[in-house]
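Asks: Residue numbers (my numbering): 1 to 640.
Keep in mind that a hint or two might mislead.
[What the hints assert, rightly or not] Under the rule of at most 30 Å between Cα atoms (straight-line distance), these lysine-lysine pairs were calculated in the DSS-like manner:
| no. | residue 1 | residue 2 |
| --- | --- | --- |
| 1 | LYS50 | LYS125 |
| 2 | LYS20 | LYS323 |
| 3 | LYS236 | LYS323 |
| 4 | LYS323 | LYS125 |
| 5 | LYS552 | LYS323 |
[Said to hold, decoys possible] Label-pair distances were calculated between CB atoms; the ranges are:
| no. | residue 1 | residue 2 | range |
| --- | --- | --- | --- |
| 6 | ALA528 | VAL237 | 48 to 54 Å |
| 7 | ALA476 | VAL237 | 47 to 53 Å |
| 8 | ARG186 | GLY567 | 54 to 60 Å |
| 9 | GLY103 | TYR127 | 28 to 34 Å |
| 10 | ARG186 | GLY103 | 29 to 35 Å |
| 11 | GLU459 | GLY49 | 44 to 50 Å |
| 12 | GLY49 | GLY103 | 46 to 52 Å |
| 13 | ALA357 | GLU133 | 44 to 50 Å |
| 14 | ASP131 | ALA357 | 40 to 46 Å |
| 15 | ALA476 | ASP549 | 19 to 25 Å |
| 16 | ARG510 | VAL237 | 41 to 47 Å |
If you're looking for bench data, these hints aren't it; they were derived computationally from the structure.
No residue lacks a Cβ here, since even glycine has one placed at the ideal position from N, Cα and C.
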Amino acid sequence: MNNGMISPERLRLILAGMGKARVGVIGDFCLDVYWMLDLQSSERSLETGKMTRPVRRQHYSLGGAGNVVANLRAIGVGHVHAFAVVGSDPFGVCLLELLRARGVDVSGTLMLTDADAWQTLCYCKPYIGEDEEPRHDMGNFNHLPPAAVDQLLANLERALPELDVVVVNEQVAAGIHTPYLQDRLRALMQRHPQATFIFDGRHLPHGYPEAWLKVNAAEAVALCGLPTAGGDLVLKVDAEQAAERLYARRQRPVVVTRGARGCVLGAAAGTLTAPGLQVLGPVDPVGGGDSFLSGLAAAAAAGASPAEAAEVGNFAARVTVTKLRQTGTASPAEILDVGLDPQYIHRPEVADDPRQAQYIAGTQIEVLEAPPTDLALRYAVFDHDGTVSTLRQGWEEVMEPLMIRAAMGARFSTADEALYRRVADRVRQFIDQTTGIQTLVQMQGLVEIVRELGMVPAEQILDMHGYKAIYTQALAQRIEQRLARLRRGELDAADFTLKNAVPFVEALNRAGIVCCLASGTDQDDVRAEAAALGYAQLFSGGIYGAVGDVTKDAKREVLERIMADIGDIHGRLVTFGDGPVEMRETRRRGGLAFGVASDEVRRFDLNPAKRARLIRAGAALIIPDFAQAAAVLAVLRLQA
Numbered sequence: 001m002n003n004g005m006i007s008p009e010r011l012r013l014i015l016a017g018m019g020k021a022r023v024g025v026i027g028d029f030c031l032d033v034y035w036m037l038d039l040q041s042s043e044r045s046l047e048t049g050k051m052t053r054p055v056r057r058q059h060y061s062l063g064g065a066g067n068v069v070a071n072l073r074a075i076g077v078g079h080v081h082a083f084a085v086v087g088s089d090p091f092g093v094c095l096l097e098l099l100r101a102r103g104v105d106v107s108g109t110l111m112l113t114d115a116d117a118w119q120t121l122c123y124c125k126p127y128i129g130e131d132e133e134p135r136h137d138m139g140n141f142n143h144l145p146p147a148a149v150d151q152l153l154a155n156l157e158r159a160l161p162e163l164d165v166v167v168v169n170e171q172v173a174a175g176i177h178t179p180y181l182q183d184r185l186r187a188l189m190q191r192h193p194q195a196t197f198i199f200d201g202r203h204l205p206h207g208y209p210e211a212w213l214k215v216n217a218a219e220a221v222a223l224c225g226l227p228t229a230g231g232d233l234v235l236k237v238d239a240e241q242a243a244e245r246l247y248a249r250r251q252r253p254v255v256v257t258r259g260a261r262g263c264v265l266g267a268a269a270g271t272l273t274a275p276g277l278q279v280l281g282p283v284d285p286v287g288g289g290d291s292f293l294s295g296l297a298a299a300a301a302a303g304a305s306p307a308e309a310a311e312v313g314n315f316a317a318r319v320t321v322t323k324l325r326q327t328g329t330a331s332p333a334e335i336l337d338v339g340l341d342p343q344y345i346h347r348p349e350v351a352d353d354p355r356q357a358q359y360i361a362g363t364q365i366e367v368l369e370a371p372p373t374d375l376a377l378r379y380a381v382f383d384h385d386g387t388v389s390t391l392r393q394g395w396e397e398v399m400e401p402l403m404i405r406a407a408m409g410a411r412f413s414t415a416d417e418a419l420y421r422r423v424a425d426r427v428r429q430f431i432d433q434t435t436g437i438q439t440l441v442q443m444q445g446l447v448e449i450v451r452e453l454g455m456v457p458a459e460q461i462l463d464m465h466g467y468k469a470i471y472t473q474a475l476a477q478r479i480e481q482r483l484a485r486l487r488r489g490e491l492d493a494a495d496f497t498l499k500n501a502v503p504f505v506e507a508l509n510r511a512g513i514v515c516c517l518a519s520g521t522d523q524d525d526v527r528a529e530a531a532a533l534g535y536a537q538l539f540s541g542g543i544y545g546a547v548g549d550v551t552k553d554a555k556r557e558v559l560e561r562i563m564a565d566i567g568d569i570h571g572r573l574v575t576f577g578d579g580p581v582e583m584r585e586t587r588r589r590g591g592l593a594f595g596v597a598s599d600e601v602r603r604f605d606l607n608p609a610k611r612a613r614l615i616r617a618g619a620a621l622i623i624p625d626f627a628q629a630a631a632v633l634a635v636l637r638l639q640a
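Model the full structure from these sequences, guided by the hints.
Replies: Here it is, written out as structure tokens:
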């Protein structure tokens, strides 16, 4: 599972198998009710004298175990059976209709007519604008009669021979999991040891030891009595230790989720880790846990191993957290899209804590992974901006105000400070996460941000080419001013290159290494700037940039071309860059990813934010600049 165990072929096979899978869900089925209020139409009630709260729109969706079912159907599970308890109230009728509309088998569901014993678990959420008002909860005083428990579990046991997996969901304290049900359900599990049950609960930390356990990291360490660092952060080593202990205790797979940092699996094969996955743009964690659980269960039902199932769950959660202001689901196509190009987050603990950095003695070279022992380089690929050239330093200072103004439209001048800061934070986050990718792709993201924020009329939103033209013109003015000073002799090339970068490339040339330059900047601009700074001739392998096609990435294409030339690039190619794209693409193909965490303003020394970003993208080594060129050459087993 570590670093991506599922091959594309295996992932496709698992996803295809979900169509024939049969999954049962027993648990706390809830209804989420959204009432969008419009107080402009409020009037005083003649009966009470109080102002009314008019509902302009209403929306009903499945929650709790119902959301698990919705995820299972969305993910492609062919047969889903709901073992639910609902009241004979309108909310219960609505919940059943929503289940049936998704093709769920509700023949095992009970509808109780005693309103004093059971009301449908329902959460009514009034909204005024984007603000949620105090919620109205139904079912807090439920108590499930033993006779109803017996009937519900009898329904489950009859269906059990036809089910591949049963998900046991425990969502609310006043739900179906009474002590009586817990005892009877455990006895059922013991009578059918060949059946696969997966338990996910909030209030029963030791519940159902006969089932697989899905638990978050904080709950896992608490179950084991392990000390924590405090707050929400659970260290990887603690999560791994908890997974190991819980598996030893239960002798069933234990999946410990770690949010953006992936998950840890305790199983018969040992303790394995699935890293987190990079997300560009904002995230909404609502529903991520249910989506993970559904991916885990669906994959297991389709014949996946526990490790494979956990990684599919990871992919599914990665899909849903990008769906804002909704309890999202993940489709097979979306999961496959993530799984075919999994952008893993590497060593987040080291990235976030510089104290864990390990250096080659006497140098500033940070080692995350030792270079291969059979290193015999033939090619070196360099990113341009921020790795060799600093001519475009400050491009973020051009892009950020452009994006903010584009996103706010006519409200740019009139919006209050709170709104301006919200938009600015959104833009800064996006720029930080997309550093190193094509400018055109960034502008494509800007179009999505403008639509997402909804402040610009649809007919006034430009396409990615339109926004890029505005940005390119603004940046070109800044670059031209710098080149003019270069031509006048006021500055020289060293003022626009990273410390010792050009001499380092010259040393690689003398060592017989073929050097290539690859950039997300437009190809004509990259070539012109390399020529103006006097080092274009050093890149005999070619100078490549963006060509106006978002499907063609210069860095990927250079790596693919080199692989076509020499085959396996392991030990024969090194990439130097300050962006995550070149690190990720090089690592994925087996090359040596050398991160350059450059301070582009001073042109030397470390930029801590870049260091963290490069480590997360998979850099094997980190340098701040090329000041210690001789030491870097020694790492590459080349002569200075």
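Asks: Does each hint hold? Answer for all of them.
Replies: Verification of the supplied hints:
Under the criterion of a C-alpha separation no larger than 30 Å, the hint pairing LYS50 with LYS125 is consistent with the structure, at around 20 Å. This hinted pair checks out: LYS20 and LYS323 have alpha carbons roughly 27 Å apart, not beyond 30 Å. Simply put, LYS236 and LYS323 have alpha-carbon atoms about 27 Å apart, close enough for the 30 Å limit, and the pair holds. With a C-alpha separation of about 20 Å, the suggested pair LYS323 and LYS125 falls inside the 30 Å cut-off, and the hint holds.
Note on LYS552 and LYS323: the hinted pairing holds, with a Cα-Cα distance of about 26 Å set against a maximum of 30 Å. With their beta carbons about 50 Å apart, ALA528 and VAL237 fall inside the hinted range of 48 to 54 Å. Between ALA476 and VAL237 the C-beta distance comes to about 50 Å, which sits within the given range of 47 to 53 Å. At roughly 56 Å, the beta-carbon separation of ARG186 and GLY567 lies within the given 54 to 60 Å, and the hint holds.
One distance hint, 28 to 34 Å for the beta-carbon pair GLY103 and TYR127, holds here, with the actual separation near 30 Å. Between ARG186 and GLY103 the Cβ separation comes to about 30 Å, which falls inside the hinted range of 29 to 35 Å. Distance hint check for GLU459 and GLY49: the Cβ-Cβ separation is about 46 Å, which falls inside the suggested range of 44 to 50 Å. Take GLY49 and GLY103: their Cβ atoms lie about 48 Å apart, and the range 46 to 52 Å holds.
In this structure the supplied range 44 to 50 Å holds for ALA357 paired with GLU133, their Cβ-Cβ distance being about 48 Å. Taking 40 to 46 Å as the suggested C-beta distance range, the pair ASP131 and ALA357 conforms, at roughly 43 Å. For ALA476 paired with ASP549, a C-beta distance near 21 Å keeps the hint of 19 to 25 Å intact. Between ARG510 and VAL237 the beta carbon distance is about 45 Å. The supplied range of 41 to 47 Å therefore holds.
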